[in-house]
Every structure is written in structure tokens, then in C-alpha cells.
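Visitor: Each chain is listed here by its residues.
Protein chains: 2
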Amino acid sequence: MIRAHGYAAQNAKSPLVPFTFERRDPGDHDVVIEILYCGICHSDIHQVRNEWGNSTYPMVPGHEIVGRVSARGKGVTKFREGDLVGVGCFVDSCRECGSCKEGEEQFCTGGATFTYNGTERDGKTPTFGGYSSVLVTNEDYVLRVPEGLDLAAVAPLLCAGITTYSPLRRWKASQGQRVGVVGLGGLGHMGVKFAASFGCEVTVISTSARKEADARRLGASHFLVSTDPSAMAKAMGSFDFILDTVSASHDINALLGLLRRDGTLVLVGAPDKPLEIAAMGLIFGRKTIAGSLIGGIRETQEMLDYCGEKGIVSDVEVIPMQQVDAAYDRTVKGDVRYRFSIDMKSLST
Amino acid sequence: MIRAHGYAAQNAKSPLVPFTFERRDPGDHDVVIEILYCGICHSDIHQVRNEWGNSTYPMVPGHEIVGRVSARGKGVTKFREGDLVGVGCFVDSCRECGSCKEGEEQFCTGGATFTYNGTERDGKTPTFGGYSSVLVTNEDYVLRVPEGLDLAAVAPLLCAGITTYSPLRRWKASQGQRVGVVGLGGLGHMGVKFAASFGCEVTVISTSARKEADARRLGASHFLVSTDPSAMAKAMGSFDFILDTVSASHDINALLGLLRRDGTLVLVGAPDKPLEIAAMGLIFGRKTIAGSLIGGIRETQEMLDYCGEKGIVSDVEVIPMQQVDAAYDRTVKGDVRYRFSIDMKSLST
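Top line first, the protein sequences correspond to chains C and D.
Quick note on UniProt numbering: the first sequence kicks off at 1 and runs consecutively.
Quick note on UniProt numbering: the second sequence kicks off at 1 and runs consecutively.
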């Protein structure tokens, strides 16, 4: 067994505390990854605090993982020691269902094995995530990370990156299209970067006028304050595609009004309460609402390769592990530009 | 001017009563149509009773119109006297906006001229619909009706037909796909006929088990009672496409659960109250909800031509105009299989 050091939540109420545990010895197709950085995703906080009601403890969170391969099983062909790699939201899946065969493992009908707060394929061994020194993972669920990028800033690509890249690609956001990105947080700021890099004319749609300068710096050409009725009225019917990253309750019908005929709004944030959608807002204009969930291994690799070519990374604030609780509180308040990335060297200090 | 005889509502509370009015003399590009049959659409009832709050009176309803050309302006090139023709939900549009230029006149940004309860392009002359002896309409908004079909049963194609044909075509319902049709009424029964004719494996999804025999007669292979939890559970994740024709409030989330990954549900009925949609139901499975509104002139002609080739018409109960009020009451109760068609010969008795 491999000794791992990390931080864990012991129950829904406790802060994260130091936690030592064991990773399995690498099987034939496993790689051992020395973790360098792990991003803080808002879903870490939901799960640490059991806000989705499905948490098991102790929980080592973290699914935005960057590290280097330090050892490998004898059957591993994709990676060698020293390779720079990433792991995202899942570390295994059934490999047999239609979704797995089509490379859409996030929709595995047998249930993908989530990187933490899940169980291995045996249905009982808990998974522990990236707030830790080392990870042992099957090579098929490991991504190759291009060299030359800021690694702290690469980590969030594994969740925030693919979550926004995938729907923009799937709905063919491209040169000259008018794309709105709702919410400028961890997801939204990646959505702006990707959409701008695809040649879209990007508008950030936000309740907060003070984010305009940042939005433009990230690649937006326009900024629309969603609480300004006259600005919203002027923008009616003008967007080809809207990427909605907001997980707080908000007025979806107003956003649908911003779409042109045959436009699409894709949800990647999930408000707790049901969305209240006026059917007429979809029927008049033949509009679409869809959801999207991270991305499969193949598309995540495509996204990382694209980021390597274009030099795209997340905007991060790097913290030592010891500051994780404060970082959670700031994340909940939206007080981070735009993702925290934990430096795992801090574990040994 | 041309004298027209019809039935009109004089206010939101009154029954329909005989009404004589004038149609314009045909302009250069107008055809004069002697109306043979007009279908009763549920939206006629909403508007007669001012349930949408936008009614003007007197109102001559009716937008599922079949008739023969009896005269034409000197510039008319598409039609000749004696031609069998149809008119649907709109009789004009701006002709200049993107939607009009693309043949999607129903989404005219200047506002299509609805066949009744609307105004001509002058913004003031009221339009009167198909519950009448004669119509004068610009040839560009008139459809050619194939000979050889039951004309009473053709009339509902102009609204119920195109409303269901268009989304099935747009979302490419085709051979071997599993298609659900929610609600077996005026719209739903046409949806079943079209989807079955496209080679889809059709399931009618209904609250009412007693409609099963009819569903199968119309072309469905399966019947799913939406109030049967075990049947619904078994059908989870099995549909490629769902056409939702129900305008009463109903559980959209249960229907979304029936879709496979990347499946689409299209609304053509519009419940008054907002739909309550759980975002997670869209995100997990990357599912889509969209709306669709009748169809443009080009697609309506395509639909009629297709119906001519395949011998597809609506199932109708033919009534004289004098029974329109009773027919309205029965339509509201869902007591018609599946559309009333008014025989305009009755106007002269």
C-alpha cells in the first residue's frame, strides 16, 4: 500500500483536517501520480457539507488534479514516469455501456466512479480525491497535460474547463456567433476564454456591474448587467447561444428572451430549486434549453491539448492546504478570481 | 367588396352567432377562396373566450381552412380558378425580416398577420378567419392542397398537422427511433401518424388507459400510461425524442426521465403556468427541451405534399356550423376523435 497525506472532512460540520490514508499498490494498468496542484470546485464544498445529501466520511475532496507520474503498473502503455498528467471528476466507469463505448463516460449507465465521495467498481471501496499527496488511478482515466503551462492554473481545467468547453463545442459555438456567458465565476471565466478563443463575440451577463473590466480582460466584447431592464430589453433576441453557469436561482425566462430564433441556452450550473420556465418563451422563437455535464475522457484530452496550443489556463489564486477552510468561505461568497488552486507542496510543511 | 357569411363571437361571453361581413376585393396578388371546411383548433376557443387576453370582437375564428379558388387577381401566378387550396394560421408577414426571408414566417419579427384576431399589415384592419363562406388572401400565404384526400380531414393539417410535422422533421425523427407522443388529442394523433409514417417506433404517453386501442390504430407500437409509476420506471431512458402536445399542467420532469442521453423533448402545447424543470434532469443525460410553433409556408406545403403521397389526413368529426358551440364544449372536455371539421355548406342551410 502507498501512504497518502491529505486533508479530509470527518463529518458535514467539521473543517477539513489533516488525514493520512492508504492508496492501493498500482495494478497492471494503474499509474501512481504525485499530486502537484488541486483546484477547489464549488461542488467540493457542497459535498464536504453534505448539501447534496449523499456524502460519506471521511471525505478527501478534489477533482481538479494535476501531477506527475511517479510509478506505473507493468501493463501501462499510455504514460511513463515523469509524465505530466491530470485527473478530473471520475476515475473509472463500467466501460461496457453505450455511453462508455462512445467515450461519454460521465454518463455511464452503471455509474461512473467519481474521484471522491464515490466507490470503486467493487461498490464498496471509497474513493479519495485530490486534496492529497498521491493518487493511484487506472491509466484509461488519466489525461495527458501539455508541458509549458502554469500547472496551478491547469488544475481547474479538469472540471471548470471541460464543463464549459464541452457544451461550446457540442453546440458549435464558432467564429462570429454571439455567445452570452451568464455568471463570471470559476465556470464562467473559462467559458469566456474558450468562447473568445473560438472567435465568438462574447458577452458576459452578470448581476454585478463591477465585473465588467475583468470580463473584457478575459475576452468578452460586451457586458450586460442582467438587473438593468433597459439594457436587457435592448439585447432581446440577439444571442445565438447562452452558457448559463449560475447555480443560484435566477430568471431563466429573461435569459431565454435574449436568444434569437432557434437559439440555445445550456445549463452547466444546477440551481437547487426547479427552474420556472414559460413554455411560450420556448415555443415563440423555437428556442432550446439543454444541460451539459463535464465531458468524457476523449473530449477532456482534446480540451487539454487545445489549451496547450492556445496557452489557455484558469485564473487562479494559489493557496497552501492549511488555508482551505477560509478558501471555502470565500468561494461561497464569490470572492475569488476565479478559482483556488491548492499547492500540494504545502502538505509537507 | 365581397360579401362573406360566417359565425362570429361578439364578446368573450357570447356563443358564436351568424355574422355577415365584407372581404376586400382581390388585389393583384390575391386569390378568392370559397371555403369548404374549417377545423376547430383549441386556440379558437381560447381566443373566442379571451383566455389569452388579446381578443378583439367581433371575431370570426378559424385557421384550418380548405377551399377552392373562385377568382384571382391579375398578378396571381401560383393558382388558378378551381384549384384546391389551404390557409393556415397566418395570411401575411413583413416579408423582410430574417425569419420571413428564410421561410419561417411564423416567427416574423414584425409580427405575422394571424388569420383571425389579428390585423392586416396596415396595423388596423381586422382579420377574419375561416368560419365563413369566403376568404381573400395573398397568394404567397396560400397552400396547394393535393387532390384525392378527404377534404374535411385535410383542414386540420393546416394547424395540427404542421405543428407536429415540423418538430418531427426538424429534430430528424426517423426510421427506428423511439418517439414518444404525449397526449392523444388533435395534435397528438397527428404526431402519431407522422412519426409512424417516418418509420419511428411510436409510443403514446397518456394519462388515459382507454386510449390505447386508438393509439395503436393510429400507428403507435406501444402505449404508456403516465400515471402508472412502474410502467414509467421501466421506460426510463428509452426515448430518443418526445413530442409533448399537452397544454394542461403536467410533470415535465417525469417525461425528461424517459429520454435517453442526448434526447430531446419538444413542446407544442403551452401550459399557462410555468413549467417546473429540475436542472439536474437536463444536466445528467445532457437532455434538451425545446419549443416549436406551427411551421413556415414552405414547410407547410412540404407537409401537405407528403400527406398527399402517403394519404395522411386528420381523424375528424364533421359538423354543421350551427353546432359549433356544442363542439367547443366537447373539445374542452377532450371529447372528440380527434378534430372537429366544420362543413361550410351548412352556412347556406
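Quick caveat, the hints were computed from the structure, so don't treat them as lab data.
One or more of the hints may lead you astray.
Same chains, same label: a pair holds when it works inside one copy or across any pair of copies.
Unchecked claim - Mimicking DSSO-like on lysine-lysine, the simulated pairs with C-alpha atoms at most 27 Å apart in a straight line are:
| no. | residue 1 | residue 2 |
| --- | --- | --- |
| 1 | Lys310 | Lys101 |
| 2 | Lys78 | Lys101 |
| 3 | Lys234 | Lys101 |
| 4 | Lys124 | Lys333 |
| 5 | Lys310 | Lys234 |
| 6 | Lys74 | Lys172 |
Visitor: With reference to the structure, classify each hint as holding or not holding.
Guide: Do the hints match the structure? See the list:
no.	hint	result
1	Lys310 - Lys101	neither (29 Å within a copy, 39 Å between copies)
2	Lys78 - Lys101	within (19 Å within a copy, 53 Å between copies)
3	Lys234 - Lys101	between (45 Å within a copy, 23 Å between copies)
4	Lys124 - Lys333	neither (35 Å within a copy, 54 Å between copies)
5	Lys310 - Lys234	neither (34 Å within a copy, 46 Å between copies)
6	Lys74 - Lys172	neither (40 Å within a copy, 48 Å between copies)
Hints 1, 4, 5, 6, counting from the list given before, are not met by this structure.
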